[in-house]
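Asker: The residues making up each chain are set out below.
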Amino acid sequence: MSDITKQTLSELVNNIKEKKLSSSEITQAFVDRSEKSKELNTYITEDFSNALDKAKKFDDNPKLDLKLPGIPMAVKDLFCTANVRTTAGSKILNNFVPTYESTVTQNIWNEGAILIGKLNCDEFAMGSSNETSFFGNVQNPIDKNLVPGGSSGGSSSAVAAQLTPITIGTDTGGSIRQPASFTGTVGLKPTYGSCSRYGIVAFASSLDQAGPMAQNVQDCALLQEVISSYDQKDSTSIDFKRNLYSKELTKDIKGKKIGIPKEYRVDGMPKEIDDLWQKGIEYAKDCGAEIIDISLPHTNYALPTYYIVAPAEASSNLARYDGVKYGFRADGENLIDMYEKTRSEGFGAEVQRRIMIGTYVLSSGYYDAYYLKAQKVRKLIKNDFDEAYKKVDAILTPSTPSSAFKIGEKTNDPVSMYLNDIFTVPVNLAGLPGISIPAGHDSKGYPLGLQIIGKAFDEQNILNIAYAMEEKINFKNKITDWWIK
Amino acid sequence: MSIDLKTIKHISKLSRISVDEKKAEKLASDLNSIFDFIEKLNELKTENVEPLTSVAETTLKLRPDEVKSKNLREQIIKNSPKDNEDYFVVPKVIE
Chain G
1 MSDITKQTLS
11 ELVNNIKEKK
21 LSSSEITQAF
31 VDRSEKSKEL
41 NTYITEDFSN
51 ALDKAKKFDD
61 NPKLDLKLPG
71 IPMAVKDLFC
81 TANVRTTAGS
91 KILNNFVPTY
101 ESTVTQNIWN
111 EGAILIGKLN
121 CDEFAMGSSN
131 ETSFFGNVQN
141 PIDKNLVPGG
151 SSGGSSSAVA
161 AQLTPITIGT
171 DTGGSIRQPA
181 SFTGTVGLKP
191 TYGSCSRYGI
201 VAFASSLDQA
211 GPMAQNVQDC
221 ALLQEVISSY
231 DQKDSTSIDF
241 KRNLYSKELT
251 KDIKGKKIGI
261 PKEYRVDGMP
271 KEIDDLWQKG
281 IEYAKDCGAE
291 IIDISLPHTN
301 YALPTYYIVA
311 PAEASSNLAR
321 YDGVKYGFRA
331 DGENLIDMYE
341 KTRSEGFGAE
351 VQRRIMIGTY
361 VLSSGYYDAY
371 YLKAQKVRKL
381 IKNDFDEAYK
391 KVDAILTPST
401 PSSAFKIGEK
411 TNDPVSMYLN
421 DIFTVPVNLA
431 GLPGISIPAG
441 HDSKGYPLGL
451 QIIGKAFDEQ
461 NILNIAYAME
471 EKINFKNKIT
481 DWWIK
Chain D
1 MSIDLKTIKH
11 ISKLSRISVD
21 EKKAEKLASD
31 LNSIFDFIEK
41 LNELKTENVE
51 PLTSVAETTL
61 KLRPDEVKSK
71 NLREQIIKNS
81 PKDNEDYFVV
91 PKVIE
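First to last, the sequence lines map onto chains G and D. Counting in the numbering used here, the first sequence runs from 1 upward without gaps. Counting in the numbering used here, the second sequence runs from 1 upward without gaps.
Here chain G stands alone, though its shape is the one from the complex:
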C-alpha cells in the first residue's frame, strides 16, 4: 500500500470498507507522522495511545457501514472532548478536562472516527495567525517562517502536513477560511445554525460556527454531512432539511449565476490577488457558470462592525472564567482580588484587549453609540447580500487580501492583523455559508485561495461550485516535508 498518510479521506474510507487497510494501520501511520512532526507544534494535547487502543477495538468489531469507519482525526482544541483536556489555547483552561462532549465531535465519533489529539489554535479563537496561543505559534508546512493562519492554525497546518486526514475548525470571522487559504487546503464555514455550538468554547455566539477543513472538496462535503445536525442543546440550531452533501455533490454547475462584488477590489490589494480572482472568474465561466457584476455597498463597514460585535459578545462569554468553578486560579487577598489576578494572569494580551473593547462598547453611556450602531450596520450588510441573491446563486471573491505572512510580522499592530479578515468577516455577519478553495500560488510560491459565498442553507450549491472549479484549477500543494529530519 502506498503511503497511507498521502491518501485522501475518501480513499481511506474506501480502503477500510474494502478491507485493504485496517483502522490500526491507518491510525498508526498518522500517529507516526505526527510524532515526526512535533516541530510544527500543531498539537496541544496528543491522545495517541488511546487512539491506537480504539483503532484495535474497531478492527475487532468493524462497523463498515459508518461514514468515517475507524478513521483517525485530530480536532481543534476549542471543541470539548469528554475526558480529554480542552484548553482553547489558553492558560486559563490549561488544566480543564471536560466531563461532556461537544455535539459536533459526538457526531464524528458516532460515524466511527477516532480522536488522535487536540490541535493548536489562537487563544479563545481570537487571532488570525495562531500567534496568540498560550502553547506557542504553529508553523505553516509550506514554509518554516510562515504563520498557518488563524484561529484554526493547528488544524490547517495538520491537514496540509497530512498529520490527520481531515479536521474541524471554527470560524467566527474567517478562522476556517483564512488558514485554509494560507495552507493550500479547503475550508467550509457553514450557515449559522447548521452545526451545533453545544460544547464549543464560546467566543462570539452570534457568529461562531464549526466547519470542516480538508485536502479536497469531496472530503469536505463528507465531513459537513456528518457534523451538521439539528440540536436541541443549542437554541440557535436550525431545523432544516440537510442534504447528503457528499452523495449529492456534482460538477454540473451550468447556468449557475455567480456574482462578482466590485467592493471587494480594495485599495492596496496586491495585483497577484486581483489576477487570481480574474483567473477564478475564467474557471467559473469554463464550468458553464454565468458571471454577473454585483454590488455589496456596505463591505467597507464590515470589519469595524465585527470589531464591536465580536468583542462585546466575547467580553460577556468570557466572564465565566473567574477562577472559581474550573480552570486556572491565582491567589488573591480577597474575592475581587482573586478574580482580577486570575483573569490578568490567565488571559493573554489579545484576549484582554478584546475583553476591554467589549466591556467598553457595552458600558453605560456607550451602548447606543457602539453596540446598537453596529447591530444596525450589521443589518445593512445582511440586506446587501439579500439584494445580491435576488440576482445570483453564489458570490466569488478572494479568500484573503494576501498570502500567508511571516511569524511576528503583524503581532505589534492589531489593526493590520484584523485587516486579514476583510473578505471573510461579512459572511459571518450575515450568517451565510462560505468555502475557501486553493486556487494558485503567488510569486513566492505560497498558496492563495478563492472564496465562494452562498445563500443561507445552500451549502450544497457552493460545494458543487467548489467541486467543479477544483477540477479546472488542478491545484498542487508545494510541501517538501522540511520539518521531518
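Honestly, the hints are just simulated from the structure, not real lab data. You may find that some hints are simply not true.
Said to hold, decoys possible - Computed footprint of chain G on chain D; a stretch qualifies when at least three of its residues, placed anywhere within it, have a C-beta under 8 Å from a C-beta of chain G:
{"id": "1", "region": "17 to 25"}
{"id": "2", "region": "44 to 58"}
{"id": "3", "region": "73 to 83"}
{"id": "4", "region": "87 to 94"}
As the list claims (entries may be wrong) - DSS-like, lysine-lysine: derived pairs with alpha carbons at most 27 Å apart:
{"id": "5", "chain 1": "D", "residue 1": "Lys68", "chain 2": "G", "residue 2": "Lys233"}
{"id": "6", "chain 1": "G", "residue 1": "Lys91", "chain 2": "D", "residue 2": "Lys70"}
{"id": "7", "chain 1": "G", "residue 1": "Lys341", "chain 2": "D", "residue 2": "Lys61"}
{"id": "8", "chain 1": "G", "residue 1": "Lys36", "chain 2": "G", "residue 2": "Lys91"}
{"id": "9", "chain 1": "G", "residue 1": "Lys271", "chain 2": "G", "residue 2": "Lys476"}
{"id": "10", "chain 1": "D", "residue 1": "Lys70", "chain 2": "G", "residue 2": "Lys262"}
{"id": "11", "chain 1": "D", "residue 1": "Lys82", "chain 2": "G", "residue 2": "Lys382"}
{"id": "12", "chain 1": "G", "residue 1": "Lys325", "chain 2": "D", "residue 2": "Lys78"}
{"id": "13", "chain 1": "G", "residue 1": "Lys325", "chain 2": "D", "residue 2": "Lys68"}
{"id": "14", "chain 1": "D", "residue 1": "Lys61", "chain 2": "G", "residue 2": "Lys376"}
{"id": "15", "chain 1": "D", "residue 1": "Lys82", "chain 2": "G", "residue 2": "Lys341"}
{"id": "16", "chain 1": "G", "residue 1": "Lys325", "chain 2": "D", "residue 2": "Lys70"}
{"id": "17", "chain 1": "G", "residue 1": "Lys67", "chain 2": "G", "residue 2": "Lys325"}
{"id": "18", "chain 1": "G", "residue 1": "Lys256", "chain 2": "G", "residue 2": "Lys410"}
{"id": "19", "chain 1": "G", "residue 1": "Lys325", "chain 2": "G", "residue 2": "Lys6"}
{"id": "20", "chain 1": "D", "residue 1": "Lys82", "chain 2": "G", "residue 2": "Lys325"}
{"id": "21", "chain 1": "D", "residue 1": "Lys40", "chain 2": "G", "residue 2": "Lys341"}
{"id": "22", "chain 1": "G", "residue 1": "Lys476", "chain 2": "G", "residue 2": "Lys391"}
{"id": "23", "chain 1": "D", "residue 1": "Lys23", "chain 2": "G", "residue 2": "Lys91"}
{"id": "24", "chain 1": "D", "residue 1": "Lys45", "chain 2": "G", "residue 2": "Lys376"}
{"id": "25", "chain 1": "G", "residue 1": "Lys254", "chain 2": "G", "residue 2": "Lys233"}
{"id": "26", "chain 1": "D", "residue 1": "Lys78", "chain 2": "G", "residue 2": "Lys341"}
{"id": "27", "chain 1": "G", "residue 1": "Lys410", "chain 2": "D", "residue 2": "Lys23"}
{"id": "28", "chain 1": "G", "residue 1": "Lys325", "chain 2": "D", "residue 2": "Lys26"}
{"id": "29", "chain 1": "G", "residue 1": "Lys391", "chain 2": "G", "residue 2": "Lys241"}
{"id": "30", "chain 1": "G", "residue 1": "Lys478", "chain 2": "G", "residue 2": "Lys36"}
{"id": "31", "chain 1": "G", "residue 1": "Lys254", "chain 2": "G", "residue 2": "Lys391"}
{"id": "32", "chain 1": "D", "residue 1": "Lys70", "chain 2": "G", "residue 2": "Lys233"}
{"id": "33", "chain 1": "G", "residue 1": "Lys325", "chain 2": "D", "residue 2": "Lys40"}
{"id": "34", "chain 1": "G", "residue 1": "Lys455", "chain 2": "G", "residue 2": "Lys478"}
{"id": "35", "chain 1": "G", "residue 1": "Lys91", "chain 2": "D", "residue 2": "Lys26"}
{"id": "36", "chain 1": "D", "residue 1": "Lys40", "chain 2": "G", "residue 2": "Lys410"}
{"id": "37", "chain 1": "D", "residue 1": "Lys61", "chain 2": "G", "residue 2": "Lys382"}
{"id": "38", "chain 1": "G", "residue 1": "Lys91", "chain 2": "G", "residue 2": "Lys341"}
{"id": "39", "chain 1": "G", "residue 1": "Lys376", "chain 2": "D", "residue 2": "Lys40"}
{"id": "40", "chain 1": "D", "residue 1": "Lys40", "chain 2": "G", "residue 2": "Lys262"}
Note that CB positions come from ideal geometry on N, CA and C, so glycine has one too.
Fit chain D to the supplied structure of chain G, relying on the hints for placement.
Answerer: Relative to chain G, chain D alone:
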C-alpha cells in the same frame, strides 16, 4: 475620540482584569487605534434601520420543562481549582 488612562482603569475594574501603569498605557494606545478604525461607522446614517440581533430568523423553540440530566455534582465539582468535596471554595467574603 480618545481613551485615557482613567477610562482604561474604569474598564479594567468592570472587566475584573487588573492592570498596572505600563499595561494600561499599552492598552490605551491599542484601544485608541482600534477605535479610530471603528469610528468609520459614523459615516452611515442608521436612524431608521432595525438592529440585527440574530441572523437565525427563527423564534425560540419551547420544550417541556423536564429534568434530563441529574446527579452531576461530582462532574461539576471535578474541575474546580481548590480541593473540596461538596462546594466551590473561594476566599472568605464575610468577616
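Asker: Can you confirm whether the C-alpha distance between G:Lys254 and G:Lys233 stays at or below 27 Å?
Answerer: 39 Å, violated
Asker: Could you grab the alpha-carbon distance between D:Lys40 and G:Lys410 and see if it respects the 27 Å cut-off?
Answerer: 22 Å, holds
Asker: Need the status of pair G:Lys254, G:Lys391: alpha-carbon distance at most 27 Å?
Answerer: 16 Å, holds
Asker: Within a Cα-Cα threshold of 27 Å, do D:Lys82 and G:Lys325 meet the stated pairing?
Answerer: At roughly 9 Å apart (the allowed maximum being 27 Å), G:Lys325 and D:Lys82 satisfy the hint.
Asker: Decide if the proposed pair is consistent with the structure: D:Lys61 and G:Lys382, CA atoms, cutoff 27 Å inclusive.
Answerer: Judged against 27 Å, a Cα distance of about 24 Å means the pair holds.
Asker: Take the C-alpha atoms of G:Lys325 and D:Lys78, compute the straight-line distance between them, and say whether it is at most 27 Å.
Answerer: 9 Å, holds
Asker: Would you check the hint for G:Lys91 and D:Lys70, treating anything up to 27 Å between C-alpha atoms as holding?
Answerer: Roughly 30 Å between the alpha carbons, so the hint for G:Lys91 and D:Lys70 is violated.
Asker: Can the restraint linking D:Lys82 and G:Lys382 be considered satisfied, given a maximum Cα separation of 27 Å?
Answerer: 47 Å, violated
Asker: Is D:Lys70 within 27 Å of G:Lys233, Cα to Cα?
Answerer: 16 Å, holds
Asker: Are D:Lys40 and G:Lys341 close enough, with their CA atoms no more than 27 Å apart?
Answerer: 35 Å, violated
Asker: Does the structure keep G:Lys325 and D:Lys68 at a Cα separation of 27 Å or less?
Answerer: Roughly 22 Å between the alpha carbons, so the hint for G:Lys325 and D:Lys68 holds.
Asker: Between G:Lys391 and G:Lys241, does the CA-CA distance stay at or below 27 Å?
Answerer: Distance ~24 Å between G:Lys391 and G:Lys241 Cα, so the pair holds.
Of the numbered hints listed earlier, those contradicted by the structure are 6, 7, 10, 11, 17, 18, 19, 21, 22, 25, 28, 33, 34.
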